[in-house]
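> Fit chain B with the ligands to the supplied structure of chain A, relying on the hints for placement.
In case you want the letters, here they are:
Protein chains: 2
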Amino acid sequence: MEIGFIENIDKKSKPNQNQLGFGQHFTDYMFEMDYIDGEGWVNPTIKPYAPISLDPSAMVFHYGQSVFEGLKAYRTKDDRVLLFRPEKNIERLNKSNARMCIPEIDKELILKAISELVKVDKDWIPNQKGTSLYIRPFVFATDYYVGVRQSHNYKFLIILSPVGAYYSEGFNPVKIFIEQQYVRAVKGGVGEAKTAGNYAASIKAQSEAKEKGFSQVLWLDGAEHKYIEEVGAMNIFIMIGEEILTPELTGSILDGVTRRSTIELLRASGYQVTERKITIDEIIEAQFNGRLKEVFGTGTAAVISPVGEMWFEGQKILINGGEVGNVSQKLYDQLTGIQTGDVEDEFGWTIDISK
Amino acid sequence: MEIGFIENIDKKSKPNQNQLGFGQHFTDYMFEMDYIDGEGWVNPTIKPYAPISLDPSAMVFHYGQSVFEGLKAYRTKDDRVLLFRPEKNIERLNKSNARMCIPEIDKELILKAISELVKVDKDWIPNQKGTSLYIRPFVFATDYYVGVRQSHNYKFLIILSPVGAYYSEGFNPVKIFIEQQYVRAVKGGVGEAKTAGNYAASIKAQSEAKEKGFSQVLWLDGAEHKYIEEVGAMNIFIMIGEEILTPELTGSILDGVTRRSTIELLRASGYQVTERKITIDEIIEAQFNGRLKEVFGTGTAAVISPVGEMWFEGQKILINGGEVGNVSQKLYDQLTGIQTGDVEDEFGWTIDISK
Ligand SMILES: Cc1ncc(COP(=O)(O)O)c(C=O)c1O
Ligand SMILES: Cc1ncc(COP(=O)(O)O)c(C=O)c1O
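Residue numbers (this note's numbering), protein chains in the order written: chain A, 1 to 355; chain B, 1 to 355.
Each hint should be verified, as a subset may be incorrect.
Pairs involving identical chains hold if they fit within one copy or between any two copies, as the list cannot separate such chains.
What the hints assert, rightly or not - Straight-line alpha carbon distances no greater than 20 Å define the calculated PhoX-like cross-link-like pairs of lysine-lysine that follow: (1) Lys95 / Lys129; (2) Lys226 / Lys187; (3) Lys12 / Lys47; (4) Lys204 / Lys95; (5) Lys77 / Lys212; (6) Lys212 / Lys47; (7) Lys14 / Lys187.
FYI, nobody ran anything at the bench for these hints, they're computed from the structure.
Bound-form chain A, shown alone (with noise of 0.2 Å):
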């Protein structure tokens, strides 16, 4: 399908790179498509970031069927663009959308339109150390109608925001809170989409623990509060002697792009990584005999983000003596480094879109 193209005539100022923060700007464009009941995705079309009109009754407003990603550009040292790995959140969004009753998108188009609108908005990828451009498709029920179903209608959107650190730590361990009352997701709930409602239900427990000095929380499973799962927006690691286990996909948590691209950089440097199920006892323990090497969070918006401490009913669980440990540390440089083009792609990770 043909992408349309609507010229911005009124640019605005870019920010100061230094001060980037995190989804706080966004470019001169947008793309937009939309789903008409009958006629399937129509009108894809690169225009003016500009607001949208909805009715009261749209059905997002109500019923948040809605699914969205997560990925970055990244500018090289020789000007080049890269995107990592944008298959993978592709396929997740089509996953997402199937779990949430959503039309499918063609793989191919939205590709097209990442890179394309991308490139309109060039001039906006930052390249200093730790910036990037994050991109964010979403996509949401339009219908105006008040009842709970299916919408028959949607709209499909990708915003683009330069950004710094995520978190306010940058690359510096964070300190985690292990949640106990409250629970984001539960198996054969919608855990494993990203979907609006899963942040949503984050929120509060999120907010106390920032309250008491916690950059985030790890969640434990729904059913027995026992397992841990994932951490706000990051999947978790845990070194444990030699080995390094991550949960298991079992469909509460996100199979994030980045904890696939970690389990992998890791075997192909000789580590043993394990996808299991593990209960915060066995972490607690580990820690106990010492052989709780590194723990660390992976997504997009961080990249690797290490925890020097975990709290867990009021005890602290001290990791690495609160130190950025080796692995995460290597990890961090490898992959930002694969990410901005410093480092050899091995892995046929990136794609060069500016050609």
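Same frame as chain A, now just chain B with the ligands:
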């Protein structure tokens, strides 16, 4: 706080009362109020029903931080306008707000907003049997920010829709599918809040059940898949022998206004009503022993919805020969009678807003 008023000089024509359906038609006016960071809730206004314009980065599209309510206004034979226990919906709205980290809204202001809005749109209230004016208050996050946290700005709207029967069956027994694979909510989650994500999470199970010929699904608890919870947009009651059971409020189901009213009505009529955990097994056993008398759902949309069949693991549980039971019928007559002013309101549940 004074509620502002902007007149609508371009009124719509009203739909045929015999073909209202549910949630498809909207009136001439809406209520709108904004929460501005640092200022609180400001500018309450009744204004022409019109689209709302939002930046594509508005948090509601991405993270679904939102709550809603649903209640009804009825027009009596002598042309008065009654609301049914609006204070319960208003309380629940603020309970949902608290769970979703949305700032509380002044109770009296909400009641005033609903009353004044219904009054300016009074001509839209249908008066045929089974019809009413559905009132939909809703709140959602409006920060222009991409990143998971609580929003600092919100919009609160109330829209109105003249409605007929919620189920196409009308007041006839529905067929219900007992869901074993998908889960709607779990203790510790947001199941007891009336928030968008709970409904998004229900769509797939509901649409699969529809395809198999069922009206709705009956959810089981998220942890053990053993206890019955609630139906799509209704709470559930089971009459076994002379006792009427309904699941207790454990945090994962909605504290329904119709549920509460049903319990009070039944008790006032001398029935024994018990709120407790109910296993699916004991329902099957009761049916086997011939002690399962009636099953019905309760909710604002359908008021009382008799259940004729429930299906579990491919087996049909037939209830009362698939016919409307006496208790269901009596409750429906009493409740709709009180709501429409045809039956004396001994409980003081209705508020006359036409004065
Ligand atoms: C809930 C959740 N878990 C994990 C992740 C990490 O996934 P990815 O590595 O694909 O960014 C994210 C977000 O991006 C997330 O939202
Ligand atoms: C999930 C759910 N359960 C139960 C109910 C019934 O509650 P009420 O009687 O207040 O309408 C509703 C809806 O209105 C609902 O959405």
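> Hint by hint, note whether the structure agrees.
Status of the hints after comparison with the structure:
Taking the shortest alpha-carbon separations for lysine 95 and lysine 129, neither the intra-copy value of 33 Å nor the inter-copy value of 44 Å comes in at or below 20 Å. In this homomeric assembly, lysine 226 and lysine 187 come within 20 Å of each other (Cα to Cα) both inside a single copy, at 14 Å, and across copies, at 14 Å. Taking identical chains as interchangeable, the C-alpha atoms of lysine 12 and lysine 47 lie at most 20 Å apart only when both belong to the same chain, with a minimum of 14 Å there against 33 Å between chains. Only between protomers do lysine 204 and lysine 95 lie at most 20 Å apart by alpha-carbon distance; the minimum there is 13 Å, versus 27 Å within a single protomer.
Taking CA atoms no more than 20 Å apart as the test, lysine 77 paired with lysine 212 passes in neither setting, with 41 Å inside one copy and 57 Å between copies. For a Cα distance limit of 20 Å, the shortest separation of lysine 212 from lysine 47 qualifies neither inside one copy, at 43 Å, nor across copies, at 42 Å. For the identical chains of this complex, lysine 14 and lysine 187 are neighbours neither inside a copy (43 Å) nor across copies (46 Å), given an alpha-carbon limit of 20 Å.
This entry does not satisfy hints 1, 5, 6 and 7, going by the numbered hints stated previously.
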